[in-house]
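A.B. asks: Residues per chain, in single letters:
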Amino acid sequence: MLSREEWLPLARKLDWDYSYVREDEVFPEVISGRPWLPHSEWKDWEESFKTSYREYVDNQYEKDMAVQAVHDAVGRIENVQKLALPWLNSLKVHAAALPLAEFTGVIGNLRGARFGRDSAWRTMATFGALDEYRHTQIPLLLFHPLLRLDSQFDWAHKFYHTNNWFAVAARHFFDELTVGQNAIEFHIATNVVLETGFTNLQFVGLASLARESSDHMFERMVTSIQTDEARHAQIGHPVLATVMKHDPKYAQYLVDKWFWRNWRLFSILTGLSIDYLTALDQRPYSFKEFMEEWIIDQFLRTLDEFGLEKPWYWNLLLDELDIYHHMIYASAYSYRATLWFNFVIPGPAERKWLRQKYPKYWDDMDAVWEQISERWRTVGPGPANEFAVHGTALPTFCDLCQLPLSAGTPRKNTARVFVHDGRKYIFCSEPCQWIFLHEPERYANHKDIVKRVLSGEAPAQLPNLLTEYFNLTPDTWGKDVHNGDYEWLRARKDPAA
Amino acid sequence: MPIPLYGFLQGDTVGLLILAEEAETLQALARKLQDAASLRVERRDHVQVVYNDKTMDPTMTVAQAGLQALDRFDVLSG
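Residue numbers (the numbering used here), protein chains in the order written: chain A, 1 to 497; chain B, 1001 to 1078.
Hints are computed from structural coordinates only; laboratory data are not their basis. Source: prediction; values computed, not measured. Do not take every clue at face value.
[Said to hold, decoys possible] Below, a list of computed lysine-lysine pairs in the BS3-like style, where the Cα atoms sit at most 27 Å apart:
hint	chain 1	residue 1	chain 2	residue 2
1	B	K1032	A	K412
2	B	K1032	A	K249
3	A	K50	A	K13
[Unchecked claim] Pulled a few chain B residues facing chain A out of the computed Cβ check, cut under 8 Å:
hint	residue
4	P1002
5	P1004
6	Y1006
7	Q1010
8	L1017
9	L1039
10	R1040
11	V1041
12	L1070
13	D1071
14	R1072
All C-beta atoms, glycine included, are put in the ideal place defined by N, C-alpha and C.
Isolated chain B (complex conformation) (with noise of 0.2 Å):
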């Protein structure tokens, strides 16, 4: 069942809703979240995932970091 989270890309105008899997890496989520703000923000190779003001190792599983539905999470240049 897809996870329903609060995205925020750093440089983009907008928080969007990205659908996550819980067995998908944060590296895999903050690709999809940049995928979905491409039209606005330039794709960066290097980034970092935050949740909780903490920076998240990005092999860690969704399920792993603890991501629950609604939950914000970031994604800064890294």
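Excised from the complex, chain A in its bound form (with noise of 0.2 Å):
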């Protein structure tokens, strides 16, 4: 009987030449992805970390017994519901936005099992594809059943089955990304950017973010998904290898395309999160602290491994982490009811805090938060008085990243309008439409929110929009965590105080 040692390269290793059919048949470039060359410039794929299958298998059966322990330990309800009520609403965001984007993973990567062009990278594709359905099932099993706590836990399994405009921006990723994708650039944009730039770190952040906050089941979940991501990343880093090899300026293209995509969502995703869903004396760091030390700094190294250059666009990006989550988050609670999950305001404290943390556009910012303060002053609390202090008008969004248009600062909003074969589109920023113009027929004909209302396929009455496209209702749509009821609030309106 042959030894691990012996018998793992041979398993790992098992191309043959056809004989009745080409290989660009077996692997056509429109689905394998370019550049196509044949599987002589791919033989040599390796990943770094090796692992048969029975091996795998004890591993994930380890780390899932861990979960289960913490989750019966510390996930009952009843543990949820001694949680800080914003971050409480932070795992309502991660609740939707993560389970059925990890089943597009598995999509991906089984696109990756069958159209990679090595069986080493084939095979890793297909321990990747489990590791997606374990992050789609860790996340269900865990959240769902808060249902019974919070009726917005419902978005759990209901998100990405909707037309909510956060669900159509994040599917409008996602599918790009995973599900519509070939073999190349998805292990490129998903293993070597998505992971390696962004989750991989992020989830450590998260980690430590959700120990602060004493919420230990969803850090061990998220430590748990991250040891399984940490191993998988590794495939996009030969297959950009080699693409950098053979075809560099369209190497340099992936990366900045993709970075730029993610950037946008995970900013949204984590920046609020942080800044704004945790409370104050939990934050161990500012969104932008976390990414100049986590996802910049590394992004550069795997940058220079790969002799690529920064993107194009890496002053503006740098700009953006000063303002533009800041800029999504007072437009998002302004327009709260279109989403599932609750808000809070800050309060003097936590705004004396951004803007020791963030000193360049505050001001702007401040000025916002007052004058949303002044109305709920204004108004009074109370949840019959919500919608007093709420937009009307329907706000607008980015064509690419379908995003509401908040780039740039207040002071100067950097949307763009463009004409594209005699149709006008706009873009909340110059990375996006340069995306778009590089592969117009692949976002040309994506409609997003505004356009559906333009053209009667989506409700232009809020109330209609929220129930009808949003599937929201009174019980899930989000509201203001306290309804405006904030001491400091009170405090202000008694000229004695």
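Could you use the hints to bring the two separately framed chains together as a complex?
C.D. replies: What follows is the structure, given as structure tokens:
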């Protein structure tokens, strides 16, 4: 009988020469990806961490048992009820955005498992698909039962099946990243950019935030997922190295495009969680500090490793670290009923902290929060006044990222109108327009929420839009966590206070 | 028939869809945007309407200014 060291190399490399079909028929460029190269160019594809199926199953079993044990110990509803309200709403964001996005990762990995250009790559992608299936099941298992506590947790299952504006944006992103993608672009965009660049480190950061917030169940879940990510993220590196060797310009384009697309979604999910939905005394760092320490440095090292340049929009991105997620949060707060989780207004202590962390543009953001607070002060707190402190005109969305036109600064919004093939498009930023113009055939026919309203596909009136198109109900649509009843607001109303 | 426009009020955090009438003045259009954004931005009396990088005469109508469906206009502090 062969030892592991003898049979594993044989099992990993099971490619053969085809006798009755051509190689480009077995691996068509349209689905395997470009540059199309003969297998001789891929045969040295090598993963740095090698595993067998048996080892994989043993490891995953141990990890699942550890998650289950923590869930049994601290994952009951009474434990979740003890969490701070803002953090509970950060959980709702992740409960909705994470599980079925991971499921699209199953599909992308299965594409690699069939159309990856070397058998070792295909084997690793098979494990990657199993990982992502696990990352779908665990959050569904942990979050959906919380429906008994709070009906907004229903969105763990529901989110991606709705036409909620954020779901439209998230689907636009994940459908392109994973579901409708060829194997080469999938593995570079997902493994190198999303996982190595963002989520692998984001999960470390999220675990630390969860620990600070005493949410040990979420901490364990993301830690467990992160260990899988760290393993399967390596698939993309030898793929990128080969593309870099044969078509460096295309490799640079893929990295630039996907870093921007990831940044857009990531800054909302993580930026809002760190800077607004974590209690002030439990924030270990600001989102900007987290980005600079964990994401930016690591990404620059990855670029160096492959001989890639910084993306052309680098300075713009660094500038956005100071403002983009703040613009989004204030906009989303004022349209909170269009989402499935609740929001909190930053009070004087939070605003002082935010000013310290984000001195560059905070004056402009502070004026916005002052105005919103003033409205609550005028109408008074209470659930009945939620819509008196809510936007009424339809907010607008980018034709590429599908997110609100909230880029630039309050003084100068960077949205730009562009005519392509006789049709008018609007983009939140130059990089979003640049991506669109590189592959217009991919994006041109997608309608953002505004175009759907204008074409009669979605209702124009906000109440109908919320219930008929965004699938929200009075129970589930977003509110202010305190319905505007903040001690600091009350104190200011009383001039003697 | 109302003309859908992308309105950006200086000081605001998001662009808004504003339905304009051909015959209304740019001053009225600016007021419409200010009202729509009043939850986030304090209303100012003196503002300028900017379209295609040009500051427009506020007494002009939407039609005279040449604003077309899905164009961008900005309202800046005057």
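A.B. asks: With reference to the structure, classify each hint as holding or not holding.
C.D. replies: Cross-check of the supplied hints:
no.: 1; hint: K1032(B) / K412(A); in the structure: holds (19 Å)
no.: 2; hint: K1032(B) / K249(A); in the structure: violated (47 Å)
no.: 3; hint: K50(A) / K13(A); in the structure: holds (12 Å)
no.: 4; hint: P1002; in the structure: violated (10 Å)
no.: 5; hint: P1004; in the structure: holds (6 Å)
no.: 6; hint: Y1006; in the structure: holds (6 Å)
no.: 7; hint: Q1010; in the structure: holds (6 Å)
no.: 8; hint: L1017; in the structure: holds (4 Å)
no.: 9; hint: L1039; in the structure: holds (5 Å)
no.: 10; hint: R1040; in the structure: holds (5 Å)
no.: 11; hint: V1041; in the structure: holds (6 Å)
no.: 12; hint: L1070; in the structure: holds (4 Å)
no.: 13; hint: D1071; in the structure: holds (6 Å)
no.: 14; hint: R1072; in the structure: holds (5 Å)
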